[in-house]
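Throw the hints in and build the complete structure from the sequences for me.
Protein chains: 2
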Amino acid sequence: MNQPSVISPGARGPVDHDIRDQIVAAANEHFSQYGYGKTTVSDLAKAIGFSKAYIYKFFDSKQAIGEAICANCLSTIVAAVEKAINEEGLSATERFRRLVKTVVATGVDLFFNDRKLYDIAAFSASEHWPSSQVYNAQIKSFVLQIVREGRELGEFERKTPLDETVDAIHLALRPFVNPLLLQYNLDFVEQAPTLTSNLILRSLMP
Amino acid sequence: MNQPSVISPGARGPVDHDIRDQIVAAANEHFSQYGYGKTTVSDLAKAIGFSKAYIYKFFDSKQAIGEAICANCLSTIVAAVEKAINEEGLSATERFRRLVKTVVATGVDLFFNDRKLYDIAAFSASEHWPSSQVYNAQIKSFVLQIVREGRELGEFERKTPLDETVDAIHLALRPFVNPLLLQYNLDFVEQAPTLTSNLILRSLMP
Numbered sequence: 001m002n003q004p005s006v007i008s009p010g011a012r013g014p015v016d017h018d019i020r021d022q023i024v025a026a027a028n029e030h031f032s033q034y035g036y037g038k039t040t041v042s043d044l045a046k047a048i049g050f051s052k053a054y055i056y057k058f059f060d061s062k063q064a065i066g067e068a069i070c071a072n073c074l075s076t077i078v079a080a081v082e083k084a085i086n087e088e089g090l091s092a093t094e095r096f097r098r099l100v101k102t103v104v105a106t107g108v109d110l111f112f113n114d115r116k117l118y119d120i121a122a123f124s125a126s127e128h129w130p131s132s133q134v135y136n137a138q139i140k141s142f143v144l145q146i147v148r149e150g151r152e153l154g155e156f157e158r159k160t161p162l163d164e165t166v167d168a169i170h171l172a173l174r175p176f177v178n179p180l181l182l183q184y185n186l187d188f189v190e191q192a193p194t195l196t197s198n199l200i201l202r203s204l205m206p
Numbered sequence: 001m002n003q004p005s006v007i008s009p010g011a012r013g014p015v016d017h018d019i020r021d022q023i024v025a026a027a028n029e030h031f032s033q034y035g036y037g038k039t040t041v042s043d044l045a046k047a048i049g050f051s052k053a054y055i056y057k058f059f060d061s062k063q064a065i066g067e068a069i070c071a072n073c074l075s076t077i078v079a080a081v082e083k084a085i086n087e088e089g090l091s092a093t094e095r096f097r098r099l100v101k102t103v104v105a106t107g108v109d110l111f112f113n114d115r116k117l118y119d120i121a122a123f124s125a126s127e128h129w130p131s132s133q134v135y136n137a138q139i140k141s142f143v144l145q146i147v148r149e150g151r152e153l154g155e156f157e158r159k160t161p162l163d164e165t166v167d168a169i170h171l172a173l174r175p176f177v178n179p180l181l182l183q184y185n186l187d188f189v190e191q192a193p194t195l196t197s198n199l200i201l202r203s204l205m206p
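Just so you know, the protein sequences line up as chains A and E, in that order.
If you count the first sequence from 1, position 138 lands on 138 in full-length UniProt numbering, and the numbers rise without skipping.
If you count the second sequence from 1, position 130 lands on 130 in full-length UniProt numbering, and the numbers rise without skipping.
No lab work stands behind these hints, which were simulated from the structure alone.
Remember, it's a predicted structure, so these values are computed and weren't measured experimentally.
Be careful, since some hints might not be right.
A pair counts as met if it fits within one copy or between any two copies, since identical chains are not told apart.
List time: in silico EDC-like cross-link candidates among lysine to aspartate or glutamate, alpha-carbon distance up to 20 Å [what the hints assert, rightly or not]: (1) 101 x 167; (2) 62 x 163; (3) 101 x 164; (4) 62 x 43; (5) 57 x 127; (6) 46 x 21; (7) 116 x 149; (8) 140 x 43; (9) 159 x 190; (10) 140 x 187; (11) 38 x 21; (12) 46 x 82; (13) 38 x 119; (14) 38 x 60.
Structure, rendered in structure tokens:
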């Protein structure tokens with residue numbers, strides 16, 4: 001398993017940062033049209049009008065570019081979830097329902113509207129890229145936050161060790177959180193958020 | 001989606017049945033060595049010493065042979081589960097734990113010990129072959145049986161509609177029941193049976 005690493009030499013300033021962003025944006029567009037798997041860095045360089053050597057000044061591999069794209073793409077899901085669950089005045093129960101609904105909806109949306117990008121995200125999940133690990137950890141931290149709050153407010157039971165509850169919920173949500181698995185669960189995305197949320201919320205009852 | 005159909009003309013007697021079984025057994029061995037995807041009916045005929053025309057007298061396609069193999073293979077899992085949960089004197093809770101444990105253990109065993117056969121089962125799940133649908137329905141009927149019994153004995157809550165409870169549990173077990181998904185969940189097969197069973201059992205508490 002190769003873990004892609006993004007070159008980020010300390011001496012580089014904001015201009016380099018802009019160029020990196022430009023490469024990522026151009027690669028994003030190129031990959032979402034032609035796919036990630038079949039595109040080489042040479043193809044990409046040609047298509048976006050930079051030399052291959054120039055691209056390699058900023059990224060040490062195609063995977064490092066894919067990783068940057070993937071991180072952007074998964075952070076869109078995280079941002080949508082964060083917004084949905086952090087609205088004022090919601091109960092922990094309602095926050096949890098929103099978490100599940102938003103993860104599924106944004107994942108499915110990505111799948112149907114940007115299939116090639118989705119494939120990069122699924123690939124990153126299968127290869128345990130850092131972007132996919134960060135994403136997983138963020139979703140899990142939302143689960144932890146909601147369960148903890150629900151326990152403090154007396155909405156949820158407190159007998160089960162907190163980490164067991166959070167691990168079990170995170171595992172139960174995996175078919176919808178993990179892009180690699182979501183594509184096999186598309187037949188269930190209508191009913192799953194409600195059925196799964198209801199089951200988990202019943203398990204949390206005091 | 002092609003649904004394979006097995007030719008079973010009314011007039012054929014037990015001898016034909018034996019020959020079918022022989023073809024399935026030989027194909028089973030051949031596929032588990034060379035894989036299902038790359039083998040043609042001609043390859044298979046040559047390898048098992050029947051003419052291609054003769055094989056086609058019994059099965060109308062390679063898929064029909066694969067389907068018969070798959071049905072055998074999935075019925076092994078079902079038989080193991082049935083045996084595990086139907087032992088005398090178990091509580092519904094204990095039956096449920098055994099269901100989950102046995103599904104995961106036999107699926108994982110198949111994956112590691114007969115990878116090529118497992119791949120046929122995964123393929124059958126992705127294509128919704130009848131064998132895979134029957135398997136799914138059988139696992140679901142075990143869930144129904146256990147939940148109903150647990151409700152009657154006062155072990156499980158009765159407020160949630162029975163079909164919602166069963167659908168939700170069946171969905172929660174899908175990553176481990178479905179061979180297509182199980183292969184992506186191998187990192188979790190140690191902890192998942194306990195974590196998932198505990199969560200589901202908490203959701204069933206009266």
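Report task. Please work out whether the CA atoms of residue 116 and residue 149 approach to 20 Å or closer within one copy, between two copies, in both situations, or in neither? Result -> Classified as neither: same-chain Cα gap 38 Å, cross-chain 47 Å, threshold 20 Å.
Report task. Tell me, please, which holds for residue 46 and residue 21 at an alpha-carbon limit of 20 Å: within, between, both or neither? Result -> within (17 Å within a copy, 58 Å between copies)
Report task. Could you place residue 140 and residue 187 in one of the four classes (within, between, both, neither) given a Cα distance threshold of 20 Å? Result -> between (24 Å within a copy, 17 Å between copies)
Query raised in the report: Which holds for residue 38 with residue 119 at a C-alpha limit of 20 Å: within a copy, between copies, both or neither?
Result: within (12 Å within a copy, 25 Å between copies)
Query raised in the report: Between residue 140 and residue 43, at a C-alpha cutoff of 20 Å, which is it: within one copy, between copies, both, or neither?
Result: neither (37 Å within a copy, 49 Å between copies)
Query raised in the report: 20 Å Cα cut-off: does residue 62 pair with residue 43 within a copy, between copies, both or neither?
Result: Result: close within a single copy only, 11 Å intra versus 40 Å inter.
Query - 20 Å Cα threshold - placement of residue 60 relative to residue 38 - result: within (18 Å within a copy, 37 Å between copies)
Query - Alpha-carbon proximity context of residue 101 and residue 167, limit 20 Å - result: For residue 101 and residue 167, both the intra-copy (19 Å) and inter-copy (18 Å) Cα distances are at most 20 Å.
Report task. Please work out whether the CA atoms of residue 38 and residue 21 approach to 20 Å or closer within one copy, between two copies, in both situations, or in neither? Result -> neither (22 Å within a copy, 44 Å between copies)
Query - Intra- versus inter-copy proximity for residue 82 and residue 46 (alpha-carbon distance at most 20 Å) - result: Classified as neither: same-chain Cα gap 38 Å, cross-chain 60 Å, threshold 20 Å.
Query raised in the report: Taking 20 Å as the upper bound on the Cα-Cα distance, should residue 57 and residue 127 be classified as within, between, both, or neither?
Result: Neither: 24 Å inside a copy, 45 Å across copies.
Requested in this report: Using 20 Å as the alpha carbon limit, work out where residue 62 and residue 163 are close: within a copy, between copies, both or neither.
Outcome: Intra 37 Å, inter 48 Å, cutoff 20 Å: neither.
Against the hints set out earlier in the document, violations occur for numbers 2, 5, 7, 8, 9, 11 and 12.
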